[in-house]
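**Student:** With the sequences and hints as input, model every part of the structure.
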Amino acid sequence: MQEKLESLMQELALKKIASGEVDRVLAWKKGESYFDVSPAIFKESFDGFTYNAFCGANLSKFLVEETKKEGKVLVFLKPCDTYSFNQLLSEHRINREKVYVVGIECQGKLDINKVYAKGIDGILDIEETDSELKIKTIYGDKTVKKDEVFSVKCETCKSKKLVVFDEKIVLNEMKDNKEKRFDIVEKLESMTEEERFAFWQAELSKCIRCNACRNVCPACTCTNCVFDNNKSGIAGKANADSFEEKLYHIIRAFHVAGRCTDCGECSRVCPQGIPLHLINRKIIKDMNTNYGEYQAGETVTPLNPIVDFKKDDVEANTVVGGKK
Amino acid sequence: MQEIEKKEHKPLIVAFCCNWCSYAGADLAGSSRLSYPANVKIIRVPCSCRVNPIFILKAFQRGADGVILCGCHPGDCHYSTGNFHTRRRMGILFSLLNYFGIEKERTRIEWVSAAEGQKFSLVMNDFAKTICSLGENRRLEDLRCKKN
Amino acid sequence: MLKIDISSLPLLYEKIASLYPLVLPIKKANEVNYDKYSNGAEVSLFTLKTNKSPKDMFFPQTEDLMKFKVDGQKIEIIDTRKEAQPFVVMGVKACDYKAFEVLDRVFLVDPIDTYYKTKREAGIIITLACDRPEESCFCKAFNIDASSPLGDITTWKVGDKLFWKANTQKGKDLTEKIKDLFTEGDEKTVEKAKQEITETISKLPFSNIDVNALSKDEMLDTFKSDKWSKLSEACLGCGTCTFVCPTCQCFDIREFNANDKIMRFRCWDSCMYKDFTKTAGGQPRPTQMQRFRQRFMHKLVYYPENNDGLYSCVGCGRCVKKCPSHLNIVKVIKAFGGEKK
Amino acid sequence: MQRIGVFICHCGTNIAATVDVERVTEAVKKEPYVVFAQNYQYMCSENGQQLIKTAIRENKLTGVVVCSCSPRMHEATFRKTAEEAGLNPYLVEIANIREQCSWIHKDIEEATEKAIVLARTAIAKLTLNKPLIAGETGVTKRALIIGGGIAGIQAALDIADAGYEVDIVEKRPTIGGRMAQLDKTFPTLDCAACILTPKMVDCAQNEKINMFTYSEIEEVKGFVGNFKVKIRKKARYVDEKKCTGCGVCMANCPSKKGLNEFNMDLNNRPAIYIPFAQAIPNVAVIDPEQCLKLKTGKCGLCQMKCGAGAIDYTQKDEIVEREYGAIVVATGFRPIKLDNFNEYGYADNKDVITSLELERLMNAAGPTKGTLLRPSDLTHPKVITFIQCVGSRDVSGCGKPYCSKICCMYTAKHAMLIREKYPDTEVHVFYIDVRTPGKNYDEFYRRAVEQYNVDYIKGMVGKVYNENGKLMVQGSNLLDNEQITIPSDLVVLATAIEPDPSVRDIATKLTISIDTNNFLTEAHAKLKPVECATAGVFLAGVCQGPKDVPETVSQASAAASKVIGLLAKDKLKGNPCVSHCDENTCIGCSQCEQVCPYGAITYEEKEFRIGGGKTEKRRVACVNPAVCQGCGACTVTCPSGAMDIHGFSFEQINKEIEAICKR
Amino acid sequence: MEKEFEALIPQVCVITDIRKDTPDVKTFRVVALDGKKPFIHKPGQCAMLSIPGVGEALFSITSSPTQTEYVEFSIKKCGCVTEMLHSFEVGQQITVRGPYGRCFPVDTVFKGKDMLFIAGGIGLAPLRSVINYIRDNRKDYGKVAIVYGSRSADDLVDYKEIIDEWQKEKDFDVYLTIDREQEGWTGHVGFVPNYVKEVNIPNTYTAVLCGPPIMIKFTLQGLLELGFEKKNIYTTLELRMKCGIGKCGRCNVGGKYVCKDGPVFCMTELDELPDEY
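Chains as they are written, first to last, in our numbering: chain L, 1 to 324; chain W, 1001 to 1148; chain D, 2001 to 2341; chain Z, 3001 to 3663; chain Y, 4001 to 4277.
Keep in mind that the hints are not guaranteed to be accurate.
[Unchecked claim] Capping the alpha-carbon separation at 35 Å, the derived lysine-lysine pairs in DSBU-like fashion look like this:
{"no.": "1", "chain 1": "Z", "residue 1": "Lys3655", "chain 2": "Y", "residue 2": "Lys4026"}
{"no.": "2", "chain 1": "Z", "residue 1": "Lys3234", "chain 2": "L", "residue 2": "Lys310"}
{"no.": "3", "chain 1": "D", "residue 1": "Lys2172", "chain 2": "L", "residue 2": "Lys114"}
{"no.": "4", "chain 1": "L", "residue 1": "Lys142", "chain 2": "D", "residue 2": "Lys2028"}
{"no.": "5", "chain 1": "D", "residue 1": "Lys2119", "chain 2": "D", "residue 2": "Lys2165"}
{"no.": "6", "chain 1": "D", "residue 1": "Lys2278", "chain 2": "Z", "residue 2": "Lys3662"}
{"no.": "7", "chain 1": "W", "residue 1": "Lys1010", "chain 2": "Z", "residue 2": "Lys3106"}
{"no.": "8", "chain 1": "Z", "residue 1": "Lys3400", "chain 2": "Z", "residue 2": "Lys3526"}
{"no.": "9", "chain 1": "Z", "residue 1": "Lys3030", "chain 2": "D", "residue 2": "Lys2069"}
{"no.": "10", "chain 1": "L", "residue 1": "Lys310", "chain 2": "Z", "residue 2": "Lys3509"}
{"no.": "11", "chain 1": "D", "residue 1": "Lys2074", "chain 2": "W", "residue 2": "Lys1146"}
{"no.": "12", "chain 1": "Z", "residue 1": "Lys3614", "chain 2": "Y", "residue 2": "Lys4036"}
{"no.": "13", "chain 1": "Z", "residue 1": "Lys3458", "chain 2": "Z", "residue 2": "Lys3526"}
{"no.": "14", "chain 1": "D", "residue 1": "Lys2227", "chain 2": "L", "residue 2": "Lys15"}
{"no.": "15", "chain 1": "L", "residue 1": "Lys180", "chain 2": "L", "residue 2": "Lys134"}
{"no.": "16", "chain 1": "D", "residue 1": "Lys2278", "chain 2": "L", "residue 2": "Lys323"}
{"no.": "17", "chain 1": "Z", "residue 1": "Lys3617", "chain 2": "Y", "residue 2": "Lys4077"}
{"no.": "18", "chain 1": "W", "residue 1": "Lys1129", "chain 2": "Z", "residue 2": "Lys3569"}
{"no.": "19", "chain 1": "D", "residue 1": "Lys2188", "chain 2": "D", "residue 2": "Lys2340"}
{"no.": "20", "chain 1": "L", "residue 1": "Lys43", "chain 2": "D", "residue 2": "Lys2340"}
{"no.": "21", "chain 1": "Z", "residue 1": "Lys3030", "chain 2": "W", "residue 2": "Lys1129"}
{"no.": "22", "chain 1": "L", "residue 1": "Lys311", "chain 2": "Z", "residue 2": "Lys3526"}
{"no.": "23", "chain 1": "L", "residue 1": "Lys4", "chain 2": "L", "residue 2": "Lys98"}
{"no.": "24", "chain 1": "W", "residue 1": "Lys1129", "chain 2": "Z", "residue 2": "Lys3029"}
[To be verified] Have a look at the derived ranges for each label pair, beta carbon to beta carbon:
{"no.": "25", "chain 1": "D", "residue 1": "Ser2229", "chain 2": "Y", "residue 2": "Gln4221", "range": "22 to 32 Å"}
{"no.": "26", "chain 1": "L", "residue 1": "Glu293", "chain 2": "Z", "residue 2": "Glu3207", "range": "43 to 53 Å"}
{"no.": "27", "chain 1": "D", "residue 1": "Phe2046", "chain 2": "W", "residue 2": "Glu1136", "range": "39 to 49 Å"}
{"no.": "28", "chain 1": "Z", "residue 1": "Glu3605", "chain 2": "D", "residue 2": "Gln2073", "range": "45 to 55 Å"}
[Unchecked claim] Here are some chain D residues the structure puts well away from chain L; computed CB gaps all over 12 Å:
{"no.": "29", "residue": "Ser2018"}
{"no.": "30", "residue": "Glu2121"}
{"no.": "31", "residue": "Pro2133"}
{"no.": "32", "residue": "Asp2221"}
{"no.": "33", "residue": "Gly2309"}
No lab work stands behind these hints, which were simulated from the structure alone.
Backbone N, C-alpha and C fix where the C-beta goes; we use that ideal spot for every residue, glycine too.
**Tutor:** Laid out in structure tokens, this is it:
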């Protein structure tokens, strides 16, 4: 099935290029191993073109730079990526006319780190079936159920709806898993202040300030981030004191509030495994509860809850982060 | 007893007041001689919506133990909609801070009109009392800013 | 050669920690990094790859250089360097140990960086031979023998025992102080284990990397190669690779205006950041491709050129594992022909 | 290097009694860049100001901090002082050590400490102050008046009289507004038409006044001095220029069943009509909902009969774009709907009427030609009961919490007129309070009671019901403490008034604020009663709050004088403490545009150099400094930090925080 | 413990004189707290000046090593550090560390040579050190020609010194030019690269260039056209530098660290470096 999808995608890409409708294709490329996939531009050669369960990267942000270039680009977007795409359109960051969006099927992406966490290492190759990964390692062959190694963002998939596309390739029904979306946030809320503090202190103290979360985030498209801008008064590169990490992550979360589509890229790329999406998700939850349900990127609209207001909004003091 | 007195921490409170209502309210509190603790220090901003979350974090970093925002009552904003924005932003920010385990009571927002000198004084007294009972801000401190 | 039951390691940690600060891989919030040992810490000594390398112990991510007090026109400099107390770093793998040599050649050449030097002198390094290398490992490409690392003390995990061998005077002194925890170990067991490891390593997917086969073109030809733009196209410009790298040593010097003083500190910086070389006047490396190229040119060409052919990469594979876009030095080496034919 | 001077005011003993000014003076001398510090008895006095000026000159000061009372008190004073000494006025900061310090703290030690911190904070901020120069913009010498009632007419005449062009936009086919509907006016009882129509005619004849009747405001852009307004001229289907107002069309129109709005729907009018005889302009208009030709295509009688050939069924709405320097909002009022007041039986009984309906019934041009006949059977009512405060001063939520202000007087007027014209009529008035402040008002009311024997009953009416053709008014007489029922022939409700509903839409378009009762909010309740928070917009009449005619006229004249004052200027000086955008950082995300209450931010595609001789087109925010009022909402919304505000910049506030927290 | 010398720790120095050279260039005279010269340097070297709380920046030392009382820095206002420096008054303390970098080969290659110095704008700052060094060791060197241009007459740095001293020096030819005609200016008008060709210095001279990149580019072209050999052309590079001691990685170009291996480079060396400066 995976192969079918992949070959359909490639066929379409080739067709569109051959017809001259698009100039190039933004997709994923296989590297050294099955799970080693990078976003890549294909033009003449489609060597390494791939689409498998490890193609987690959200390609929408690449379009900010891509659409500044000449010619039209064909991009493959998974359902959650289409939300980011819409959001970027709302913010005038992408030139829609230069993109041909192909919405593609996604049955949830996997996290290789979770495979490692199962004690599987020395991986030589992986064979993917509908529900399993057959893993060949130097220490013997292993099998892992896919649903045990879903990447964090896919464990609680908010939606499998392709909100924007020019064409779509969907072979099978896709199921979301949004009921559990706020489970962990709620769990944190039910902790005491002290426990929550301990939790975040432990998580954030791991931060190495590599900026991967920021640089991958489709909502963070500033060319001159406040954390790089000496005039902002908070510019910094160092996680100098435990305060710095908190400042960084709080301000970053605040800056993407209302624009974050909950794509989960921040958590996917964090080299220290910090569940950063839980910060953004808390804001989303608060906004949903207090200011009405809102999903960034569902439509193209610049009016999000953080720039909007109602005259009878709840008082700020009553919005709480959790238990006392 | 003596030891407790020695350890007593004098909290620092930063109050952001909008120029049109709350700062005027504070002035009224002043001209009505309604006192509030001296450790409440006011920063004048044009509107409560000028208060960037960064300012609040910065205040904590620099050693503030509590931060309070005062603005015109919703609907009475000099700029018509400023405090509505403030209300949402701060709702989200304060909740997020609390989510990080920072005591909810350390941050507060109050609507104080130019006529409410009394309220201003009451609010500040109450807030100072709350912060006093919470003690020193430890969860959002920057050790580099501590005296050594 | 000494040995100790792995089950007794907690005793060993306690004992060392009672003598010197002890740093070793500790699991915190699900991730393993080098951290100071304290009672109750979840030690994960045998984790092959900590997220961050132990370079942090000698070249911390953030380090105060000095303080200033300013009073009117006057400036007072307060030297914040402290006399370094001995400390122990345990569980250092062969690749990470080799990385110290790479760093030494930067920080210990004239003018010597005393911040680094004092820590380097004070540190007692206990290395650990790898017993279960991963697919991302390729230290062999740089002639590093993962089965017998150096250091003040070398340790091997064989079965349920940890074998212990002091190499230097520092190592011997430490061993002397804690030797009652050990029993005599058999050299042969270790030799056998070493062989097994070497064998496993040869099976690793990256064992076909051969840096000697790297194209011996003129440096400027490599520089001008059109491969770079393809290689770097998915680069996000984050600093993950540089910060997890055990040999990357770029830093920034910044100041922090604290309440009563100005602190000048240095912190890791990354050549992948777009503001790294940016000045008011211009930007010598305006594109991400150029920054990406700089990093790998430095590791594979510039550094060896200045350091008798020593590469500024030790094959630890952290960047392979951690890059958000799966770009890494292996792909670069292979693109420039560094593969066994 | 900056050279800062600090001036500490004793304010007599107001400050000096609790703050050790000498110590503050010594302390601030140690702050960076401070080269001069002095304390003085009264800084704001002539001598104090002179002292500052001298110090600025002698010490070549680049900035001044005055530690004194609230900046709301004397910031402007000291800025002017600095300016006179050649220093940019925005290089002055005030440390509020009176209201925020000496007046509220008793302990000298504590107060002095705090004063030092406050001074330090002001100094810290000042180090980042930039000289600001207020921008200047031109002024379009024309005013727009929204609403053609007495307020609009008066304002228009006043402004035109000063020599400026005025446009009146009135949504109805004629100007005149509510006053035109009135019969007589209190307290002099002269006929409303007699005093209003000459003014209407003046408007029509004044060269400077341009009327857009049957028109609405479509869009407002721009800012004080430079508003750009789109006006929708609704299709009249009658050529204004050709129509002579002869009325032949009205006579011939077969569709005569339209409700006559001018007569409060008490009688009918044809589909083509002129609202009333003295309408200005005296031009017919076709009601498209009612016109057979427009609805079915069959008819066309009026066109055939019109001698002037003015009828044009193909007419379309027209959008006119005009520029203005100032805008007066005078949208007026309407009586509230009585849906919430079933107890008065208004819906069920034709003979329960509102006061405004009574006006029409008593007016010679009204449905009964001025004879007071009750609507149900057109007989002369013998007993008339007035009920006051219907929907006014009502905190139950059914009506309005405010006093409608005019009801007491017009009820007295009605009662008096009825008693005068029909002495055989019995008139009762139920009232809660009779409020008659105003010149000759109470005398007027007393005449009603004393001279005309109107029966004023203090008490509320519980119910009005029909019993055998009589309207039974059941109420309480509080003074006698008894329940009474008055069988009446006509019941007149003194209905509360509310702002015309069109005001909401206008408020949105002009970005002016509205209170909970839909009245427009003035900039200051006492000191700026006709100004709006939005510069260049002024208020007149009931849209701002209940008013009677004399009050409305005075407010209209006040608004007009403000407009004249504005239009008399060739250049307007703006507030320089406004937002600005760092175009190199801006990413064009549009968030700031969303939060700006003034529409001061627009986006432009601009070309930027990106190095290597290349350029890139980017969308960036542009702030119109003349429109921006400097609230700062955009600065916080901006994720990139490109937006900042002069006078309260990011760096300045950060610096203040640092200074305050320094211990 | 006697703490070891640490290259990153500066010394506190004091500004003893400030001279305004042009509208945006000031020359600062700096001595150590004991009133002596803070360090011994060679012509072409740089030092790191810093204002705590504002920042640190690298500046070329303008005074000649033969000046034994003090060091001088000519600084153009262009960033936050320089702006602050410009606002300073005499008596202000700053911190200084250095000297850093490789100097001009005054004791080797330059010895006995005829020298051609070409500078544009503030580019004269590093050359002034060499020129004055040569003046003070006149016998060791051949003829000296100086071509110096600026936007306008007001922007000619050290103009007084040039007029008063350099022009009077034996075997010194000073050629001044400004970009555009200006009232009161009787000298040459035109861009430096063109002027260099016009004055026609024999190509046996050893040339030292310093100025804005665009000037360097065209002047170099001109010199090559005149038959100068690349090995006889020197210039200085300016990149973002932080540590000044070849460790922080910022000024890395190819195998070189500009702060340590430069800033003085011979054209032949630059040809071997990637074009990232």
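**Student:** Quick check: does the Cβ-Cβ distance between Phe2046(D) and Glu1136(W) fall within 39 to 49 Å?
**Tutor:** Holds, at about 41 Å.
**Student:** Does the alpha-carbon distance linking Lys3400(Z) and Lys3526(Z) stay inside the 35 Å limit?
**Tutor:** holds, 22 Å
**Student:** Looking only at beta-carbon atoms, does the pair Ser2229(D), Gln4221(Y) fall within the given range of 22 to 32 Å?
**Tutor:** Distance hint for Ser2229(D), Gln4221(Y) holds at roughly 29 Å.
**Student:** Could you check that no beta carbon of chain L comes within 12 Å of the beta carbon of Glu2121(D)?
**Tutor:** holds, 25 Å
**Student:** Need the status of pair Lys3030(Z), Lys2069(D): alpha-carbon distance at most 35 Å?
**Tutor:** holds, 14 Å
**Student:** Does the Cβ-Cβ separation between Glu3605(Z) and Gln2073(D) fall within 45 to 55 Å?
**Tutor:** Holds, at about 49 Å.
**Student:** Confirm or reject: Asp2221(D) is not an interface residue toward chain L, with every Cβ-Cβ distance exceeding 12 Å.
**Tutor:** holds, 23 Å
**Student:** Kindly confirm whether 43 to 53 Å is satisfied by the beta carbon distance between Glu293(L) and Glu3207(Z).
**Tutor:** violated, 58 Å
**Student:** For the pair we were handed, Lys142(L) and Lys2028(D), check the Cα-Cα distance against 35 Å.
**Tutor:** With Cα atoms ~28 Å apart, Lys142(L) and Lys2028(D) stay inside 35 Å; holds.
**Student:** Take a quick look at whether Lys4(L) and Lys98(L) sit within 35 Å of each other, Cα to Cα.
**Tutor:** Distance of about 27 Å is within 35 Å: holds.
**Student:** Do the alpha carbons of Lys180(L) and Lys134(L) lie within 35 Å of each other, as the hint requires?
**Tutor:** Holds. Lys180(L) to Lys134(L) sits at ~28 Å (cutoff 35 Å).
**Student:** For the pair we were handed, Lys43(L) and Lys2340(D), check the Cα-Cα distance against 35 Å.
**Tutor:** Holds: Lys43(L) and Lys2340(D) sit about 29 Å apart, inside 35 Å.
Figure legend: structure checked against the earlier numbered hints; hints not met, in rising order: 3, 12, 16, 18, 26 and 31.
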